[in-house]
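Enquirer: Here's the letter readout for the chains.
2 protein chains.
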Amino acid sequence: MSIAQPYLLFLGDVTDPIAAKTARGIALWRPASCVGQLRLTPETVSLDLPDLTLEQAKESGAKTLVIGTANAGGVIPANWQETLIKAAQMGFEIASGMHSRLNEIEALAQLESEGITQLHDVRHFDDTLKVGNGVKRQGKRILTVGTDCSVGKMFTALALEKALKNKQVDAQFKATGQTGILIDGKGISIDAVVADFISGAVEAISPDFDDHDWDIIEGQGSLFNPSFAGVSLGLLHGAQADALVLCHEVGRPHIRHLPHFELPSIQATIDANIAAARLTNPKANLAGISLNTSALSEQEAQTLCADWQEQFGVPVTDPVRFGIDAIAQQIVTHF
Amino acid sequence: MSIAQPYLLFLGDVTDPIAAKTARGIALWRPASCVGQLRLTPETVSLDLPDLTLEQAKESGAKTLVIGTANAGGVIPANWQETLIKAAQMGFEIASGMHSRLNEIEALAQLESEGITQLHDVRHFDDTLKVGNGVKRQGKRILTVGTDCSVGKMFTALALEKALKNKQVDAQFKATGQTGILIDGKGISIDAVVADFISGAVEAISPDFDDHDWDIIEGQGSLFNPSFAGVSLGLLHGAQADALVLCHEVGRPHIRHLPHFELPSIQATIDANIAAARLTNPKANLAGISLNTSALSEQEAQTLCADWQEQFGVPVTDPVRFGIDAIAQQIVTHF
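Each protein sequence line maps, in turn, to chains A and B.
Here the first sequence is numbered in the UniProt record's numbering, starting from 1 and rising by one per residue.
Here the second sequence is numbered in the UniProt record's numbering, starting from 1 and rising by one per residue.
This is chain A alone, in the form it adopts within the complex (with noise of 0.2 Å):
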């Protein structure tokens, strides 16, 4: 999956924030990669970006339009229809993270069809892959992994690498997810592929190279997720990581959407993932661990994170409180 950048953020009649999550993401982490905004309503959400008419997000030197909006149902609703199928009779790429597939909308289809645009859906994955294979890769990576689903994997991923970047060590963000692709213009889903292929994808995202210092591997899921496990078991082997950092929400109170599943202690997290680690790479290790520690006060955050890192060893931060230097550069002493 590969999406060509600059992007035109397309942010629908979306009002309610939370429902453009992934487009906030995008201009977050790749301002450069967006030349504007096109909403469809004065009160549709606002990236603070330049809102842009196609013809002058086409002139900025737009090549894509995004979707980055989240909406009930994941289908695409009607009334946005006629704006992205102006998009793509213009020649933009389409990219969408939603459920229902661009495709479906037959006038896309049939424009595509013409080698006029091409449609990326993020959450979907059709191409061909290779079974995981294990053989050690040249390079290395380092991976997120977490207590659960929805702790801070990407932000994290993210985080580091333009924490490492800062200190002129070149790394390279690969997303697993839709909005981390989004993001960064390339990456598989890997919960959407067939499942044989789990660690065979995580291979191909991120194989072998020696013209930068590091991969950063987005990690999914938990090995504590009784919904999503196989994902991060696969992802584990076949990311090969050097370095694993912990991701943790302080303060949730079971498994997201299982009530009925507590959460993993800490040093089981970190057990259980090294362990694994370890089959594909024997040098894996845990660099650091990276909370969010929105449910505490900052006094008690600051506790929290000097209190683990005396526990487990390894530099412990809230990266949006106190940034994620001290990761990075346990990795650069480290790693």
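Source of the hints: derived by calculation from the structure; they are not laboratory data.
Computed from a predicted model, the values in this text were never measured in an experiment.
Errors might be hidden in some of the hints.
Just so you know, same-sequence chains aren't split out, so a pair can sit in one copy or run between any two.
[Claimed, not checked] In silico SDA-like cross-links for lysine to any residue, where the CA-CA straight-line distance does not exceed 20 Å: (1) Lys21 to Val131; (2) Lys136 to Pro259; (3) Lys283 to Glu262; (4) Lys130 to Ala192; (5) Lys186 to Trp308; (6) Lys283 to Asp213; (7) Lys130 to Ala275; (8) Lys130 to Val194; (9) Lys130 to Val75; (10) Lys283 to Ala268.
Start from chain A and add chain B according to the hints.
Expert: Below, chain B without anything else, positioned relative to chain A:
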């Protein structure tokens, strides 16, 4: 996936007995479901079933023509198509474990769209699934797990089903792979589902029940196989097994197809599988070890089983050489 039984087993013009492994498995484990075989040439492998024409099979009540052979590339040879199309025209369902899909043969797709036949590609899965939720289900479950792929997990599950039935215990085999599905006429090829749905697929295969004693779920892969471990972990979580039966091939030099990966130790395999299984069933425990000892003499095999029985504290047997009654008895007594 639900395939109408009984079957007419189609052997094509295959002369290599190994290529007819699936057909032999069906005839071995479900003899009552096989009315006969259809061979295209006198040299074709025989399963010692009655040779029937399509017409004779129809009269004998056969409902599905099953392609019970493999061939290089997984493609259905052109010279088999006439027979398949004629069978479909006569109203037989057609089932295949090949990589290429039956509906790629235009005449078959047409007959299916007209409602005259039904095509079952057991290696593929196109239906909708729910994400697994790990909610405790009614009924008791056995899962076969392994040190690697192809170490007897399906064989052991089917042998256990038979042994338990012989003890008047009502056990039902639950298929998770293509051969198992063809044998039992139902199931889901777990490695063919989208990665997000691995555990959900197993939950669907073995839902709540109180009308029989045990579900015996066929395991896949191994937690230590870097190509497929994600499938194995999702299967463990979805199965909620009370009893695990560990399968192993004595003397296997390395992970199948991956000479750079050693086999895990028996103890490591037990520990990792029990730990993972307990996420969704805290009572999960090892019920026995099922070995393929064909690399050993009968005397050596007996000694090894006795030694390991002492070492691991559960019955250890080679089901082909010594039967599997010891493990069935352990399940009846201790679970």
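Enquirer: Run every hint past the structure and note whether it holds.
Expert: Okay, the hints, checked on the actual structure:
1. Lys21 to Val131: This pair counts as neither: shortest intra-copy Cα distance 33 Å, inter-copy 23 Å.
2. Lys136 to Pro259: Intra 39 Å, inter 12 Å, cutoff 20 Å: inter-copy only.
3. Lys283 to Glu262: Between copies only: 16 Å across chains, 30 Å inside a chain, cut-off 20 Å.
4. Lys130 to Ala192: both (15 Å within a copy, 14 Å between copies)
5. Lys186 to Trp308: Neither. Shortest intra-copy (35 Å) and inter-copy (50 Å) distances fail the 20 Å Cα cut-off.
6. Lys283 to Asp213: within (17 Å within a copy, 46 Å between copies)
7. Lys130 to Ala275: This pair counts as neither: shortest intra-copy Cα distance 25 Å, inter-copy 29 Å.
8. Lys130 to Val194: Both ways: Lys130 and Val194 sit 11 Å apart in one copy and 15 Å across, limit 20 Å.
9. Lys130 to Val75: Between copies only: 18 Å across, 31 Å inside.
10. Lys283 to Ala268: Answer is both; intra-copy 19 Å and inter-copy 19 Å each pass.
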